[in-house]
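**Q** Protein chains in written order, with this note's numbering: chain F, 1 to 337; chain Y, 1 to 567.
Read the hints as simulated data drawn from the structure, not as lab findings.
Some clues are possibly wrong.
Straight-line C-alpha distance at most 27 angstroms; calculated BS3-like pairs for lysine-lysine [as the list claims (entries may be wrong)]: (1) Lys140/Y / Lys247/F; (2) Lys255/Y / Lys35/Y; (3) Lys133/Y / Lys247/F.
Ranges between beta-carbon positions, derived for each pair [stated by the list, open to error]: (4) Phe65/F / Asp151/Y: 28 to 36 angstroms; (5) Ile313/F / Pro392/Y: 29 to 37 angstroms; (6) Gly167/F / Gln85/Y: 53 to 61 angstroms.
Okay, the calculated bits of chain Y under chain F, using three or more residues with CB under 8 angstroms as the criterion [unchecked claim]: (7) 54-66; (8) 85-93; (9) 111-125; (10) 164-171.
Here a beta-carbon is modelled for each residue, glycine too, at the ideal position from N, C-alpha and C.
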Amino acid sequence: MLRLIGARLMTTIPSVIGVIIVTFLLTRVLPGDTAAYFAGPAASPEAIAQIRSKLGLDLPLPVQFVSYVKALVQGDLGQSLTTGQPVTADLAQRLPASAELTLAGLLLAMAVALPLGVLAAVKQGSWIDHLCRVVATAGVSLPVFFTGLLLVYVFYFLLGWSPAPLGRLDVFASEPARVTGLYLVDSLLARDGETFRAALAQLILPAVTLAIFSLAPITRMTRASMLAVLGADFVRTARASGLSGGKVIGTYAFRNAMLPVVTTLGMVFSFLLGANVLVEKVFAWPGVGSYAVEALIASDYAPIQGFVLTMAILYVVLNLMIDLLYGVIDPRVRLEG
Amino acid sequence: MSAPALLEISDLTVEFATRRGAVQAVKAIDISVGKGETVAIVGESGSGKSVTSYAVVRILDRAGRVAEGAISFSGIDLVAASEAQMRDIRGREISMIFQNPRAALNPIRKVGRQIEDVLLQHVQATRSTARQKAIEALDKVRIARPEERYDAYPFELSGGMCQRVVIALALACQPQLLIADEPTTGLDVTTQKAVMDLIVELTRERGMSTILITHDLGLAAAYCDRVVVMEKGRVVETAEAGAIFRAPQHPYTRKLMQATPRIGMRLRDLLPEAPAPLASAAAAPRAPASAEEPPLMQVTDLVKAYPRPASGSVMARLLGRQEADQPPFRAVDGISFSVARGETLGLVGESGCGKSTTSMMITRLIDPSAGSIVFDGVDIGAIPARRFAASPLRRRIQMVFQDPTDSLNPRFTAERAIADPILQMNPPTSRDALRARCEELATLVGLPVELLDRFPHQLSGGQKARVGIARAIALNPDLVILDEPTAALDVSVQAVVLNLLQELKERLGMSYLFVSHDLNVVRLLCDRVIVMRSGAIVEQGTAEAVLGDPQAAYTRELLTAIPHPPA
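Chain F with its partners taken away, still in its complex shape (with noise of 0.2 angstroms):
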């Protein structure tokens, strides 16, 4: 088995290179002049070029790239510009804001999206179906923006039932001792009742807003997935040996019918994982989107590029684990190794 993992980790190498090269390149093409921006409006032309020299930009691209690479090597991402931290220690803070966040969405999102696509599988053309149909629609036709602002406006504003949307906790509550950097995990660890209510209350407006979106591809997914499996030819010898329809739909039905909807998890899960920006903004929530969107308008490469690479690498061990849970699902799966 492990060795299985060191074989698939090591097929993903030549993808990283290429995630380091190209962003290094993109980065440097895209348009925008980095010592320009931090020196300023008024800055003269003196004073940009000596921010640039001292930024190591006027040199040539391949000795950049070699220095970049060689930093790299040594774990530094380099520094940020805006904020003036190592980019490891900003993504460091900030990663785990954003994993709890799409985290919850997403565990949301399944705890609503899996049963809804089943009983629509099972009763096909029933009000739940067509529940399903609107659901879904709904989901992926609202903005998160929209939804997010409306969920504020009404639970904030008008009832008054969640804090202000001012990040991950309010401003009395205090953080707790630093164990994964996700607050509701480590509040629960420190035994500290207070401070997981606060994040909790924190995090579920920004959470709901996320399920809401990604209900509509786990939905749709499942209930497709699950129709096909019950066509099968084993789920009619399961029905015609008697089997309850518990034991068919969940034991026989829907494990097979769950390839897909692994799948289609792990996709929906990094999709958000970096592309939550509007959320993160609505909520003030301090994650890495909306750090990699302020650093990409300050021209701010290594921020950039931190966040690039620290993506491209989620994804492989996302991909990862989604193959060996293909494994401990299918058995045919194994076998091919």
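Fit chain Y to the given chain F structure using the hints.
**A** Frame of chain F; chain Y shown alone:
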């Protein structure tokens, strides 16, 4: 029958709701099955035989419903029974075995667990005894080493083995009635015999009743007490097995009987009446290939080897660890034969014997590992398969594929499908010329010209088979490889297609390589026969010699496994 019937179907009508209104798949049929009796329901596709059995255990699609009639099973009204009652009956009182055993089992659950599921559902075992009972059930269907097989997944077992597991599953709870729906379709003859013998023995041992649903009259005759013949949703004849074959009453039964290939028949005997010979050519006496004339194709020491899957991991290989190399698997292991001009050569064997690999090498779709294929003086085996499509010889070797539906592009009309090879190899000067050629070909294969604009899903199985044949002969090939061209067709359609192939061959002077597992069909169509097993030729000779007086033990085994209807 003096004993009261175990299953009594009376006046049963099953309807399916479709977009164009309700369609009756089964129309007012009466069937009864006595205790311990074995009844066959015989019919071609669309006769409603499977629907009848699904109605009995109430596993019809959601679109289907019992519109009228009654089904009573030892006094229980199955039409009115509640779903909970039905669940107790399914598997415990009435069990089913299905076609395509591998698909009938849950692909990601151990077979032992699947048997346990049924045992636990019907309270035939407790959690602690389930495993033991499941292993016993596997043992009863003669699966060797049942303790190990308990942990096997369906994909690790052969088709015949899977069917044994399905039988074990069906008989685990000692039901009173077994419904076997085409249990051996798609299995090799020897496997078919083993599976059928097992079913009969086990059901007889337990005094069970059996309904065998099949399209194969021979199978029905060999294994059943009574035969019910169905056509288009109606029962047309019910009689004792012996009687129905000696004196079939209904014209449809007679037609079915006649279309079933048997020993001592000629190809034309399969058709209801002697058809007028196609167009001009009267069947010319078959030109025997003279010894002096060089054969059209000479295959010598043909080998196809595949490397065995590597057991070592990528890491091990990266670290330079060498593993003992296993010899490659030889799917075709040094075979030699020839095809004479105007001859039909049969290539016979069970699945995995290498007959498809051989036909694909000859068609030049894959490259041989060794050996030569000399076609009309040219060693085409030396031309790589990738480049053969551009060779002028490509048009002289064509193929008719096994599944008439899957081998047609669903988005091509019949005309476009037939025109495809012409457009690839020999584009005609004008649109009209192409249309004219397609119409000519359609007429040749007996496809009504007005059907040329239809798509495959608008054609019947027989019509699709004709399109496939027209496509193969569009370039006037010298050799046509027929890969089980009638395996997916009903017997009456098969009879027509086989006759068509014979007539075309005589008219156009082609040679055929006929790949099949159906020895009765091979006997009718082929001049010479090659019997293959595990990649090697076991026996070859004229059809009469090989199939009439087989020398190899394996050929004899194949022949005796065929169920014969009493002639």
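**Q** Which hints, by number, does the structure contradict?
**A** 2, 4, 5
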